[in-house]
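Participant: Fit chain Y to the known structure of chain L by using the hints.
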Amino acid sequence: NAGVTQTPKFQVLKTGQSMTLQCAQDMNHNSMYWYRQDPGMGLRLIYYSASEGTTDKGEVPNGYNVSRLNKREFSLRLESAAPSQTSVYFCASRLGFEGSYGYTFGSGTRLTVV
Amino acid sequence: AQSVTQLGSHVSVSEGALVLLRCNYSSSVPPYLFWYVQYPNQGLQLLLKYTSAATLVKGINGFEAEFKKSETSFHLTKPSAHMSDAAEYFCAVSAPSDYKLSFGAGTTVTVRA
Chain L
196 NAGVTQTPKF
206 QVLKTGQSMT
216 LQCAQDMNHN
226 SMYWYRQDPG
236 MGLRLIYYSA
246 SEGTTDKGEV
256 PNGYNVSRLN
266 KREFSLRLES
276 AAPSQTSVYF
286 CASRLGFEGS
296 YGYTFGSGTR
306 LTVV
Chain Y
136 AQSVTQLGSH
146 VSVSEGALVL
156 LRCNYSSSVP
166 PYLFWYVQYP
176 NQGLQLLLKY
186 TSAATLVKGI
196 NGFEAEFKKS
206 ETSFHLTKPS
216 AHMSDAAEYF
226 CAVSAPSDYK
236 LSFGAGTTVT
246 VRA
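Going down the list, the protein sequences come from chains L and Y.
Count the first sequence with the numbering used here and you get residues 196 to 309, in order.
Count the second sequence with the numbering used here and you get residues 136 to 248, in order.
Pulled out of the complex, with its shape left as it was, chain L reads as follows (with noise of 0.2 Å):
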């Protein structure tokens, strides 16, 4: 009973490369969502996936590009890393779009860039 898979779990980066976040579930939900947490900041979402095949931008786009490849996989992707970009990635997904869904969270990955 996997929930919310992510890979990788750490990574490092210099400042310019690229690389991309993977998260799988495998609870038939059918919204996932991208979420970068910051100390004292909370959780901010990055984009989110409604439903297969949709899309959007949430509260800190800037710097990333998702891809909903199919109903379980939803990846993050950074073109150009910069050090603003270090932070603890989270990706989570939830039944239905309706509000009174709670989310089931992976278990993180901490990116530095330096």
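Check each hint, because a few of them may be wrong.
[Claimed, not checked] Okay, derived cross-link-like pairs now, BS3-like style, lysine-lysine, Cα gap no bigger than 27 Å in a straight line:
1. Y/Lys-193 with Y/Lys-203
2. L/Lys-209 with L/Lys-252
3. Y/Lys-184 with L/Lys-252
4. Y/Lys-184 with Y/Lys-213
5. Y/Lys-193 with Y/Lys-204
6. L/Lys-266 with Y/Lys-213
[Said to hold, decoys possible] Computed footprint of chain L on chain Y; a stretch qualifies when at least three of its residues, placed anywhere within it, have a C-beta under 8 Å from a C-beta of chain L:
7. 175 to 188
8. 193 to 206
9. 236 to 243
Because the hints were derived from the structure by calculation, they are not lab data.
From a predicted model like this one, the values you see are computed outputs, not experimental measurements.
Using N, Cα and C, we set each Cβ at its ideal position, and we do this for glycine too.
Facilitator: Quick look at chain Y alone, frame taken from chain L:
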């Protein structure tokens, strides 16, 4: 738009003492409210949620929260703290038509032996 404010970024309690974490919300419509816990180097886990069925909501690990509309609050309590309760706790709000949950800044709980 919905938002939450968590009062106190750090709370320190003695083992066996009451844990009280404060959350106030702002919402133009009846909200859905959530509490999540994050243990060190882990993702967030759902503790409990309020979806209008009952104002007193019981969650996992002995936690409960009470929805008070008149005070726009959803405070989290546990009667007796355990060392394993040391973690960061997040309050979150959503609305029926909301595409996302909005999170507070978090409260870190330290439990003293």
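Participant: Going back to the hint list, which numbers does this structure go against?
Facilitator: Result: hints 6, 8 break, sorted rising.
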